[in-house]
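Read left to right, the sequence shown gives residues 1 to 114 (our numbering).
Any given hint could turn out to be false.
Stated by the list, open to error - As a list, the in silico EDC-like pairs of lysine to aspartate or glutamate whose alpha-carbon atoms are at most 20 Å apart:
| id | residue 1 | residue 2 |
| --- | --- | --- |
| 1 | K55 | E8 |
| 2 | K55 | E34 |
| 3 | K41 | E85 |
Stated by the list, open to error - Quick list of the computed label-pair ranges, beta carbon to beta carbon:
| id | residue 1 | residue 2 | range |
| --- | --- | --- | --- |
| 4 | K55 | V111 | 15 to 23 Å |
| 5 | T65 | V111 | 12 to 20 Å |
| 6 | Q39 | I100 | 28 to 36 Å |
| 7 | F106 | C22 | 16 to 24 Å |
| 8 | L110 | Y60 | 16 to 24 Å |
| 9 | K31 | L110 | 23 to 31 Å |
| 10 | P35 | V111 | 32 to 40 Å |
| 11 | Q29 | T65 | 21 to 29 Å |
| 12 | L112 | K31 | 20 to 28 Å |
These are calculated hints, taken from the structure and not from any lab test. We put the CB at the ideal spot given by N, CA and C, even for glycine.
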Amino acid sequence: MRRLSAPEELNWHSFQQGMLVCHQAFFAQRKLIEPYNLQYKFSADFDWCIRIMKKAHTIYNTHLTLIEYLDEGLTTQNHQASLRERFHIMTQHYGWLKTIVYHLWFTLRLVLKK
């Protein structure tokens with residue numbers, strides 16, 4: 001079961017709250033597509049989604065379940081490294097201050113759900 005859900009109006013700022021839509025559910029116009037940044041071993045998809053959404057003029061929500069996937073994978077197996085990469089990606093796109101504030105929120109959200 002997903003912990004996060006996509007907002008009604010998704011945009012690149014939405015990913016400040018985490019990866020709300022997995023890259024497999026993105027259907028981007030060919031002119032928007034860029035290669036993954038292979039500097040990231042575990043979170044290249046997170047960076048890619050943000051970059052694609054930054055370039056998009058319109059983002060549509062189909063309200064359909066397009067994919068189902070397992071929660072366990074390479075990112076989960078390398079959780080700490082993945083978190084470090086995501087933190088770096090967020091600072092690149094959103095700045096240090098917003099990234100710190102959102103990570104404080106992530107911690108609080110995790111504590112409140114337990």
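Within 32 to 40 Å or not, the Cβ separation of P35 and V111? 38 Å, holds
Are K41 and E85 close enough, with their CA atoms no more than 20 Å apart? Holds - the C-alpha atoms of E85 and K41 are around 8 Å apart, at most 20 Å.
Mind checking the hinted window 16 to 24 Å against the Cβ distance between F106 and C22? 18 Å, holds
Range hint compliance [Cβ, Q39 to I100, 28 to 36 Å]: At 22 Å between Cβs, range violated.
So if I understand the rule, the pair passes when the alpha-carbon distance is 20 Å or less; does K55 with E8 pass? Measuring from Cα to Cα gives roughly 19 Å; hence the hint holds.
Can the suggested window of 23 to 31 Å be confirmed for the beta-carbon pair K31 and L110? Given range 23 to 31 Å: violated, Cβ gap about 38 Å.
K55 and E34: Cα distance at most 20 Å? At roughly 10 Å apart (the allowed maximum being 20 Å), E34 and K55 satisfy the hint.
Given the hint of 15 to 23 Å, check if K55 and V111 actually sit that far apart at their C-beta atoms. Cβ of K55 to Cβ of V111: about 36 Å, so the range 15 to 23 Å is violated.
Taking the beta carbons of Q29 and T65, is their distance inside 21 to 29 Å? Taking Cβ atoms as reference, Q29 and T65 lie about 22 Å apart, which means the hint holds.
Range hint 16 to 24 Å (beta carbons of L110 and Y60) holds or violated: The hint (16 to 24 Å, Cβ to Cβ) is violated, given that L110 and Y60 are roughly 31 Å apart.
Just tell me: holds or violated, for the beta carbon distance of T65 and V111 against 12 to 20 Å? At roughly 30 Å between Cβ atoms, V111 and T65 fall outside 12 to 20 Å, so the hint is violated.
Falls inside 20 to 28 Å, the C-beta gap from L112 to K31? At 42 Å between Cβs, range violated.
Hints 4, 5, 6, 8, 9, 12 from the earlier list are contradicted by this structure; the remaining hints agree with it.
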